[in-house]
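Engineer: Residue numbers (the working numbering), protein chains in the order written: chain A, 1 to 111; chain B, 1 to 119.
Straight-line Cα separation of at most 27 Å, DSS-like style, residue types lysine-lysine; simulated pairs:
| id | chain 1 | residue 1 | chain 2 | residue 2 |
| --- | --- | --- | --- | --- |
| 1 | B | K76 | A | K44 |
| 2 | B | K44 | A | K44 |
| 3 | A | K107 | B | K44 |
| 4 | B | K65 | B | K76 |
| 5 | A | K68 | A | K55 |
| 6 | A | K68 | B | K44 |
| 7 | A | K44 | A | K107 |
By construction, these hints were calculated from the structure, which means they are not laboratory data.
Residue-level listing of the chains:
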Amino acid sequence: QSALTQPASVSGSPGQSITISCTGTNSDVGSYNLVSWYQHHPGKAPKLMIYEVSKRPSGVSNRFSGSKSGNTASLTISGLQAEDETDYYCCSYVGGSNSAVFGGGTKLTVL
Amino acid sequence: QVQLQESGPGLVKPSETLSLTCAVSGYSISSGYYWGWIRQPPGKGLEWIGIIYHSGNTYYNPSLKSRVTISVDTSKNHFSLRLTSVTAADTAVYYCMRQPASFWYFDYWGQGTLVTVSS
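Chain A extracted, bound-state conformation:
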């Protein structure tokens, strides 16, 4: 199974909105609403931000939202804050192999 495709980096100014894409195939993102997103500050445990494409865990800011169209899932962060600057990873269930695959990660820079 191949890693999901994410842009290596995105950037935005405080208060703006950004979107991180995550492209897979008909075997993963396109066929299942089992996409999740993680925020990962280096040296710390990754944090679940979005699950099942668009659901937010308790305690996660509503500035974070998720969506999916075809084989591409997206994470949108609105009202950018300096604390949002870090790495973000998408993940999807892979049908057929009962496994999961991550994207390569996107580094978000808040200008």
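Got chain A sorted already, so can you dock chain B onto it with the hints?
Structural biologist: Frame of chain A; chain B shown alone:
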């Protein structure tokens, strides 16, 4: 509050076996959920390794399946990872995590432990 803590050797020789344990507190493994491992090589992205249910049912990454074994000890409330025939490519921070059954996301994670493969 669910907490997970990895433990094990930080240095493993090439061709040998990597062994890690994840101690779970605040939740009984026997009560449900899948429990598993994810790793991150230096400078690279996350890689899902595999999961186990308290009954012993397992699922593994197809690319690692021939070398990976995940086991569970409900009496000690911990689960373990064994990766055989390691090479430098297996050098990574290894995280243990919890996965709600059949939902394929990871809601609790350990802090991670760095394992270096080197002679």
